[in-house]
Amino acid sequence: MWDHEIRAMASAHAIIAASVFMATVLPAAAVQGFSVYGTHLLWLYSVSGAVTAVSVAVFWLLGITPPTKKHTVGYKLSRLFRSCLYFFLSCLFFHTVVVLYGAPLIESALETFSLSVLLTSLTTLRCLCVLGPNVQAWIRVFSRHGAMSVWDTGLQITVACTLVGAWIGAFPIPLDWDRPWQVWPVSCSLGATIGFLTGLVAAPAWIHSHRKQLTYKCK
Amino acid sequence: MKVRSSVFASFILIFEGIGIALFLRGFFPVPLKSSVSSKNKLSDLPVEPLTGSSPNSSRLPQPLFKRVVIMLVDALREDFVFGPNGRMYMPYTRHLVERGSSHSFVAKARPPTVTMPRIKALTTGSIPGFIDVVMNLNSPALLEDNLIWQAKTAGKKIVFYGDDTWVRLFPKHFMEHDGTTSFFVSDYTEVDNNVTRHLDSTLKRDDWDILILHYLGLDHIGHISGPHSSLIQPKLMEMDDILKKIHSALISKEAEGSLPYLLVLCGDHGMSETGSHGGSSEPEINTPLVLLSPAFKRKAGMEKPGVVEQVDLPPTLALGLGLPISLNSVGRIIPGVLEETSLRDQLRYLHLNGHQLSCLLKDSIPDYEKEVGFEQFRVAEKAHGSWMKLFLEGNTSEVLSNMGKKVLKQYVEALAAMSSALSKQLGKYDMYSMIAGMVFVFQLLLVLLLAMPEALSSDAAVELPVLSALLSLPFYLLCLLLASVHVLVCTSAESSCYFCSLSWGLVFAAVAFSSAMFCILVSLVTRRLPLGLRIHGKSPLRSIGSEWSLSELDVLLLAGTVGHTLSLAASSFVEEEHQTWYFLLNTLCLAVFQDVCRKYFREQRGSGDEEESILPSKDCHPSPKAEIYSEKWLALATPPFTLLCCRLLRSLNQTGVQWAHLPDMGHWLNSSEHRTVLSLLAAFCLVFVYLLVQRRCSWVSKVALAFGLLGVYSYRAAVGNVLFPWQHSGRTTSKGTVEARFVYVFILGILFTGTKDLLRSQIITSDARLKSRGLWEIYSGLVLLMSLLFRAHNLPVLCCCLLIQTLMAQFIWKKLHYDAAQTTIMHYWFGQAFFYFQGNSNNIATVDISVGFVGLESYVEAPAIFLTALSTYAGPLLWACHLVCFLSSQRDRSPVAVGHGCYCLALLRSVPAAAYIVLVTALRYHLFIWSVFSPKLLYESMHLLLTAGVCLFFNTMEQSHTSSKS
Chain A
1 MWDHEIRAMA
11 SAHAIIAASV
21 FMATVLPAAA
31 VQGFSVYGTH
41 LLWLYSVSGA
51 VTAVSVAVFW
61 LLGITPPTKK
71 HTVGYKLSRL
81 FRSCLYFFLS
91 CLFFHTVVVL
101 YGAPLIESAL
111 ETFSLSVLLT
121 SLTTLRCLCV
131 LGPNVQAWIR
141 VFSRHGAMSV
151 WDTGLQITVA
161 CTLVGAWIGA
171 FPIPLDWDRP
181 WQVWPVSCSL
191 GATIGFLTGL
201 VAAPAWIHSH
211 RKQLTYKCK
Chain B
1 MKVRSSVFAS
11 FILIFEGIGI
21 ALFLRGFFPV
31 PLKSSVSSKN
41 KLSDLPVEPL
51 TGSSPNSSRL
61 PQPLFKRVVI
71 MLVDALREDF
81 VFGPNGRMYM
91 PYTRHLVERG
101 SSHSFVAKAR
111 PPTVTMPRIK
121 ALTTGSIPGF
131 IDVVMNLNSP
141 ALLEDNLIWQ
151 AKTAGKKIVF
161 YGDDTWVRLF
171 PKHFMEHDGT
181 TSFFVSDYTE
191 VDNNVTRHLD
201 STLKRDDWDI
211 LILHYLGLDH
221 IGHISGPHSS
231 LIQPKLMEMD
241 DILKKIHSAL
251 ISKEAEGSLP
261 YLLVLCGDHG
271 MSETGSHGGS
281 SEPEINTPLV
291 LLSPAFKRKA
301 GMEKPGVVEQ
311 VDLPPTLALG
321 LGLPISLNSV
331 GRIIPGVLEE
341 TSLRDQLRYL
351 HLNGHQLSCL
361 LKDSIPDYEK
371 EVGFEQFRVA
381 EKAHGSWMKL
391 FLEGNTSEVL
401 SNMGKKVLKQ
411 YVEALAAMSS
421 ALSKQLGKYD
431 MYSMIAGMVF
441 VFQLLLVLLL
451 AMPEALSSDA
461 AVELPVLSAL
471 LSLPFYLLCL
481 LLASVHVLVC
491 TSAESSCYFC
501 SLSWGLVFAA
511 VAFSSAMFCI
521 LVSLVTRRLP
531 LGLRIHGKSP
541 LRSIGSEWSL
551 SELDVLLLAG
561 TVGHTLSLAA
571 SSFVEEEHQT
581 WYFLLNTLCL
591 AVFQDVCRKY
601 FREQRGSGDE
611 EESILPSKDC
621 HPSPKAEIYS
631 EKWLALATPP
641 FTLLCCRLLR
651 SLNQTGVQWA
661 HLPDMGHWLN
671 SSEHRTVLSL
681 LAAFCLVFVY
691 LLVQRRCSWV
701 SKVALAFGLL
711 GVYSYRAAVG
721 NVLFPWQHSG
731 RTTSKGTVEA
741 RFVYVFILGI
751 LFTGTKDLLR
761 SQIITSDARL
771 KSRGLWEIYS
781 GLVLLMSLLF
791 RAHNLPVLCC
801 CLLIQTLMAQ
811 FIWKKLHYDA
821 AQTTIMHYWF
831 GQAFFYFQGN
841 SNNIATVDIS
851 VGFVGLESYV
861 EAPAIFLTAL
871 STYAGPLLWA
881 CHLVCFLSSQ
891 RDRSPVAVGH
901 GCYCLALLRS
911 VPAAAYIVLV
921 TALRYHLFIW
931 SVFSPKLLYE
941 SMHLLLTAGV
951 CLFFNTMEQS
961 HTSSKS
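Going down the list, the sequences are from chains A and B.
The numbering of the first sequence is UniProt numbering, which starts it at 1 and goes up by one.
The numbering of the second sequence is UniProt numbering, which starts it at 1 and goes up by one.
You may find that some hints are simply not true.
[Stated by the list, open to error] Pair by pair, the computed Cβ-Cβ distance ranges are: (1) B:Leu-938 with A:Trp-2: 57 to 65 angstroms; (2) A:Trp-2 with B:Arg-769: 52 to 60 angstroms; (3) B:His-667 with A:Ser-108: 15 to 23 angstroms; (4) A:Phe-21 with B:Arg-893: 36 to 44 angstroms; (5) A:His-145 with B:Arg-893: 52 to 60 angstroms; (6) A:Ser-35 with B:Pro-234: 27 to 35 angstroms; (7) B:Asp-892 with A:Phe-81: 52 to 60 angstroms; (8) B:Arg-87 with A:Ser-108: 52 to 60 angstroms; (9) A:Ser-35 with B:Ser-248: 34 to 42 angstroms; (10) B:Ser-225 with A:Phe-21: 48 to 56 angstroms; (11) B:Ser-457 with A:Trp-2: 42 to 50 angstroms.
[As the list claims (entries may be wrong)] Computed from the model, here is a short list of chain B residues facing chain A with C-beta under 10 angstroms: (12) Glu-631; (13) Trp-633; (14) Leu-643.
[As the list claims (entries may be wrong)] Which residues of chain A face chain B? A partial, calculated answer using Cβ under 8 angstroms: (15) Tyr-101; (16) Ile-139; (17) Ser-143; (18) Ile-168; (19) Ala-170; (20) Pro-174; (21) Asp-176; (22) Pro-180.
Think of the hints as simulated: they come from the structure by calculation, not from any bench.
Owing to the predicted nature of the structure, the values given are computational and were not obtained by experimental measurement.
Every residue, glycine too, gets a C-beta built ideally from N, C-alpha and C.
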């Protein structure tokens, strides 16, 4: 039904996944002593940066972002400003949630915040790209039967996969194996990234296999 | 037979309790000792047997050795010394074994082959079990009679270098010590160098009698890379050099005329083919034991080393040093060591050892007279007496020495028989009882699971085909079969078995019960079968609702329950179980938050009339709009607030193992300079508790509660935890018995009022409001008791518990229409998390025993145990009681809610308990079985017992409900 859109989504996802891959591989060649465990924060920033840049570019090029009503520069600037604000607020939100989950409040606050930046760039950023800085739309998409397009469904799936990935990533922390990936926040950020990649693959596949059952209300 | 769900659930739980008790009896062997702290004294020694004349001297024979050096190499496997590679690994030792004046043996260690129990075995001569851990609950020091204590009491100077487990086990026993930790497994050179560095100076000195060295490096290498790694050889060569150094130092010190030295090389346990240990495989239990002393005969060549038990070393050493044998030792002296002494002394040594064993036998086995060894010992003792008589008369004929040899042989046989009879009692799992217990529990669990659709149906009653099962032919056949299996197992079992020693009536009842359960199970299965796959493997929540789709919350609740049960298989997850619950609870709160958001935001956007039907409270208020508005925001604020509370409580008490050392609020509050803060906090919490609890009580209970809480504060002030505003600092702290009893009076008063209200509501008026008030009063009595028992810094836990309960009940559970099963699971999770918020863990050491003395002048067993259990399980109990209150107040919405809640609670408790006993059985040779899994097993069974109590309470509630309806 929406073959074109599914194909577009699959290619967009492929590009984003490739950017995650490149963000891991390229610094390893460029920076001395770069490794996912050893210089974890660096890896984390490089992945968040790459995903941010690539998704903004891809979704802008694809033209998914809802059309703005006004075309004045001031309005666009205010939208940009609001997007940045939401991005930052979402970082704070994730940080709070992670602390509520038991991360230490003061020590390793930087690690916790970096994790929340990663989570934000994997989830909230996509919301911003697809839905724009519009809280009503966000609430609509994340409530039951709220998806109105293929892109909304894809958004739901990737966000859910990322969060579940990060959630599952916390499991091995109490184990006494003394492995490098058990250090906070390595397992969680790895879990989130793997979940995100799974979501990128799963979203088009799931939509493709359920394209007969899916019906969307008109906007 | 049709029974209500709550009756059914409590019945199942009680029988599961019996099954688990049987399992526990099989799992924890009873200790042999008559008393833990009594010690063997020199004056208690038996006299040398002598027929006829007056008693002979009771002195010990002369000690054999002047100095003893024990070189204990952790994880030294038997084949490292005696095997084909031994010549390469430890050339000097091997040379001594083959040519020197030495004795070598293969000493068998008993599982669990872990360092700490092995050290205990090597010093006490007993086989330590888990009960030992429970016996010396909070003290890591070894209280039992042991070799080190005996040596210290006899004035021997002991020097120790090595694993600091020894230092913890024997504090203040050593003249000089240096403990190294075995914490960093990856370090295998430094740990040993730390031991060896003292060696030169110590060997030069003459001021010690016993030197103990415990080398950990080999064990660490085993853990890192296994017994075939390239690191093994250098390490063993190093050990060999150390042995050579000690040996030559001892030889050079050897003076004419004085007693000889003894050098012991041994291992505490072996090493499996993968390098680990803890189990009972051959390479793990076989350790070398090499005794070197000029007192021994020189060897002529390699002989096959004899096999002894590891526990044989302590009596040998004790007698060799002229010390009494430890009371609980089950070992027997190694005869080879005595070879060179006179026949009279040899007999005397064996007699002493035999006497000690026979005393232990008398204490531990009820019909000890029937034991073969005991009989043999009596005979040998008599023969010994007559031999002594002849000997003292100066008879020196060939006949006498032959007779002496015969007595010797008799003694050796008697010792072997007694020792094996004793060790059969110890350190062995009674598998038959364990399996029987497990079968009971699983039958009951399956019946519970299969009854799910009926138990959670709208009439909440289960149809149990008891009569048809009892009258069916398979039942009788099964009875016969099981009885014959029982007879077969019991007659063929070589070790003692608790289930076999039960009386016939009990066993038959058990057999009949088990077969009846099996028949019921089969008939339930056949009844479900037509419904087919739809029923099988389904969840508790699915069957309640008419729609079959699961919401996110249901998925979370199910996944959490299953995931938690599975996580119990990993020792780290058992140690850090609090993390699991905090994590799940957090996720639960977020899921609830999402539900709330969805409800209020989505429905606001939706049509207005939908909203009206959902909020029925609207019409009874003058300004409905504002009311709804504030209610919406309160409901929205509840989950984040709960999250915040949980996060704060979590930092109140650090628990578990890995992060237990981190500073927490509890320590901060308890330090003396923060006394004022603690006092203010406690006072605030008590006031808050009063405000939260009083609103649903009658005025009598309100007054009693107020006085009670005041009493709690004055009790804390009297004990010295908090400050009274007008109290002078000069007042001495008392035990606070008067204050505590004052509070007890009010607790009883509140409970009495509550019961009275309940009875009145049931018999006279059948008034639902009166009943819920009575229930709430009983609950507030419990709260008052908990506030008395909780430590002052834990009062915020109680406070937050009540606050969360109030908010959740008001805004979440009622408004979001969660059904009884969902509410029960949430209550259960909260209860579990609060168990850990209080500072509990799965370690026995965190049980607060001081609670048992609140309001008591001295230790009285029954109330002390009751109070300790109550305060330990305060969290789960409070939440379960709140569940009763909440569900019975929801009766108008769903009349069978109480039954459903009870059933779910029983299911939630029995699934992990049943899974856990299987896990423990499977992991019974695990490295951490005694330190991690066994305490958890005790906690699980205690929790099951308490839940059975709560279910009975549920039962009476539902009973009164049905009777009041009719």
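**Prompt:** Checking against the hints above, which ones are violated?
**Reply:** Those not satisfied are hints 4, 5, 9, 10, 12, 13, 18, 22.
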